[in-house]
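**Q** Each protein sequence line maps, in turn, to chains A and B. Letter 78 of the first sequence, counting from 1, is numbered 78 in our numbering, and no numbers are missing. Letter 292 of the second sequence, counting from 1, is numbered 292 in our numbering, and no numbers are missing.
Any given hint could be a false lead.
Below, a list of computed lysine-lysine pairs in the PhoX-like style, where the Cα atoms sit at most 25 Å apart [said to hold, decoys possible]: (1) B:Lys133 with A:Lys66; (2) A:Lys160 with B:Lys133; (3) A:Lys187 with B:Lys133; (4) B:Lys221 with A:Lys187; (5) B:Lys70 with A:Lys360; (6) B:Lys70 with A:Lys262.
Computed spacing ranges between beta-carbons, pair by pair [as the list claims (entries may be wrong)]: (7) B:Glu238 with A:Ala67: 33 to 43 Å; (8) A:Arg175 with B:Asn99: 48 to 58 Å; (9) B:Asp322 with A:Pro373: 19 to 29 Å; (10) A:Phe375 with B:Lys158: 37 to 47 Å.
Please keep in mind that the hints were generated in silico from the structure rather than gathered at the bench. Glycine included, each C-beta is placed from N, C-alpha and C at the ideal position.
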Amino acid sequence: MQRASVTKTAVILAVAVCFCLGLFFPDLRGVAAQGGLAELRRSARATRAAQLDPTQVYTRVLADLKAHYYGNLPAEIELTYGAIRGVLRSLDDPYTRFLDPEEYREMDQDNSGSFVGIGAVLHPEPTPERYIRIIKPYPNTPAANAGIQPGDLITHVDGKSVVGMTVDEVVKRIRGQPNTRVRLTIKRTGVDRPLEFSIVRQPVEYPVVEYEMKPGGIGYVSIMWFYETTDSKLERAIADLDRQGMKALILDLRDNPGGLLKSAVEVASRFVPPGRVITSVVTASGTQRERAIASQYLNPRWPIVVLVNRGSASASEIVAAAIQDYEIGTVVGTTTFGKGLVQQIVRLPDGSALMVTIAKYLSAKGREINRTPEFRGGVTPDVTVEITEEDYRNRRDSQLERAIALLREKIGEPSPPAPAAAP
Amino acid sequence: MRLQRTLGLAGAILCLMGIAFLSGLGLRFVYSEVLPQAAPGLGDDRRFASTRPRDPDLRPSMLFDEALKKLAIYYVGPLPSDRTGMAYGAIEGMLALLNDPKTRLLSPREWEAVREAAAGRFRGLGAWLTVRKVQPADRLTDRGIYVVSVLPGSAAEKAGLRSGDRITTLDGKWIIDRHYSVREMLMLHDGLSGFSPPREGRPNDEQIERSRREAEELRHKLLNHVELGQAMITLMAEEGEHELTVARAGSAEPIKVRATFGPVEARPLEQRKLNAQTGYLRLTVLHPAAAKAVEDALAAFAREGVRHLVIDLRQSPGGSLDVAVRIASAMIPSGVVVAMKERDANRNEVIRPRRVRENAVKLRPTSVVVLVDGGTAGASEVLAAALRDQLGARLLGAKTFGDGTAEEIVELENGAAVSITRGAMLTPKANAAFNGRGLTPDAPAPDGEAAIQAALRALQSPGRATPRRSG
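Bound-form chain A, shown alone (with noise of 0.2 Å):
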């Protein structure tokens, strides 16, 4: 009896050294790697320390910078979205970036379709010598009325310089609350000395379409951006033109640097017989077709124009390169930008977010968009027509007058002895 007692104490208690064997098990071999396999180990771990890891290095500097750095350190949340910053710069796509909880709240405000500041377009990126280029300011907007040029640089807000900002950052600098003053200090090509302009910030909408009659029953939108109104307007603005007896329509997309690809599946809709793929969406894990919508389509008994050029990304491209591989008007201008990148915002706990590139999206028949080194991309317009630098000093925009003459001969009618005017 004492016997079987015995034997079952060592049977549960062998039991419970096998479970506890187990759950140490990996820490036993590391203490085992001290000894004998250490050599192994550690020629293992050199062969590995050829390369690093971001959150490792990412820790070991901060930290370092944080016992030593001579100077003053900013705070360690700037410094840890430097290093984001950083790790997103290195993948060499500049789609994909980074908003601080500021930068965030900005682009959602700019969503929305509306914001407080001076409505001056800003260039994406700032020039080789760091300050912002202005690409036009809006009209009937303080910008505007304050005298502001296209191609103004920006080189300091406030007294403060934008040698090193990002246009965002500048973005953010210039908006504020309605009827205060923000100061800009203007670089203009051929003036020698700086231009002070002390602007006050108002409500200014995005203006996303705009459009006129042009003689002859040629009608010509424009559209700036890709937002949800952009649909609904488009749609006014070609009811409103019909009504007046439009003969041809031109689509004016130059400059246009894209926004929502529901907007651009939404105006395409209205040109794109229903069902036809307008573009595929390709991520890591499949294609997806956006087909057109078939509420949205006017079937058009107008020749179209659509007028690029290299300004013209994004969403812009997709319409353009839709109308053209179902020939259902002509491309005029010159070769796009070529971004044939879908970016999602993801955000991030603190309220910043990372701006990503998910997607590549090709054309309606398949065709790739997006630019790289070794492929120029874009949307190769039917009829290229460049601006040269004597239309430029001319102030003629030859792009439009081919787009007009083109339709003209569509429509029937003899073009005139003179070109038409600018816009």
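Got chain A; can you put chain B on it based on the hints?
**A** Structure of chain B alone, referenced to chain A:
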């Protein structure tokens, strides 16, 4: 029968033990693999929101981790399997905020070249180089590569390079410190050369022409550039024929030179007697072998009754601060050799003369002249200032380079290093920082060998050996 039963029992017990082992191991994995990952869980934003927002230790590092995880999930392509480039990006992203040209990431090859040079073994151009803010300001880059001093017999010497020269191009490529990716360059190119339709308020012809020229020039530079770190590697570690362009203060035109890069050794010490009572020491790189050589030379001088010293620190780029202190200790009896100011005043340090080896004889010179020039830098400036302030030495020559910071080197596992500016060195008497300013000599001196004659004359002139009070 009984045997069978025992065997069966033993088998059952073994099975039980095995199951116990596996369940133990399993439990361990559940705890070590699943639970720690659950803490910074993917997409679990609320968990973060509930952590205290200003927890200084926890949040930023978790945020960094979270950003990397989200990136790996959402990014269109696979992230590089070798994460070293991303790790470098993280470092450079942090350092970019500091606006300090000397707090830099050094690639493994550059760090190796720097260590070799500090040991007196030079390759490449054969010059001691440093990274400084560009003066005057440049359109493309904040930081540039500057020549501190030129080694005798080096490619740099043959090419006629001088202290303070900025190397602007290497083999026809512009040295730019910012990492411009090819994609960014393409965007820039488009932004600069594309015309938009004419609008109101256009600039006039001349303005168009000028901005076009500027744009073309910038585009050319961007499409033909080499990153600063890469240029440093070539300049410090490679061989063969290379072409450089140099910007020199006082020269309006950039200077183009060709040089054959190769190894050149910095001699630890050149010593001789100028006359019965005067010894001459010429130092280049202050590395441990140099300290020992100086100690031996001073001991020999002491035995031979030398009372005056000429110490030649021209084109001496410094090296080890410790070596400078050792050399100073062989001559300075007491007081301060150099003071170090850090951000945290509690860590400010005052370095006093070291105890010299027991059998060494300390030389107590009655008068000392130190020859300096624009290539006297770093630890060599420390030595010059210590001899001036504590021994009454006269400085003859030209203003020194002005490299007076101390660095903390953080070595990474792959052989790269981060150099962090940790403090400013101060002269002993006036507690003056000389970084960026240099030491102003007491009197000028002619170039070359003639400087040594001038030093001899200065030794005989009155007013020597009077400790100065000013910095």
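**Q** Now tell me, hint by hint, if it's right for this structure.
**A** Quick rundown of the hints versus the structure:
Distance check on the hinted pair: Lys133 of chain B and Lys66 of chain A sit about 23 Å apart at the alpha-carbon level, within 25 Å; holds. Distance hint between Lys160 of chain A and Lys133 of chain B is fulfilled; the C-alpha atoms sit about 20 Å from each other, no more than 25 Å. Taken as a hint, the Lys187 of chain A and Lys133 of chain B pair is honoured in the structure, with Cα atoms around 24 Å apart against an allowance of 25 Å. The suggested pairing of Lys221 of chain B with Lys187 of chain A holds, with an alpha-carbon distance near 22 Å, which does not exceed 25 Å.
Restraint check for Lys70 of chain B and Lys360 of chain A: the C-alpha separation of about 18 Å stays at or below 25 Å, so the hint holds. A distance of roughly 23 Å separates the Cα atoms of Lys70 of chain B and Lys262 of chain A; the hinted pair therefore holds under the 25 Å criterion. For the pair Glu238 of chain B and Ala67 of chain A, the supplied restraint of 33 to 43 Å holds, since their beta-carbon distance comes to about 35 Å. Taken as a hint, the range 48 to 58 Å is violated for the pair Arg175 of chain A and Asn99 of chain B, whose Cβ atoms sit roughly 25 Å apart.
At roughly 48 Å, the beta-carbon separation of Asp322 of chain B and Pro373 of chain A lies outside the given 19 to 29 Å, and the hint is violated. A hinted range of 37 to 47 Å for the beta carbons of Phe375 of chain A and Lys158 of chain B is consistent with their spacing of about 46 Å.
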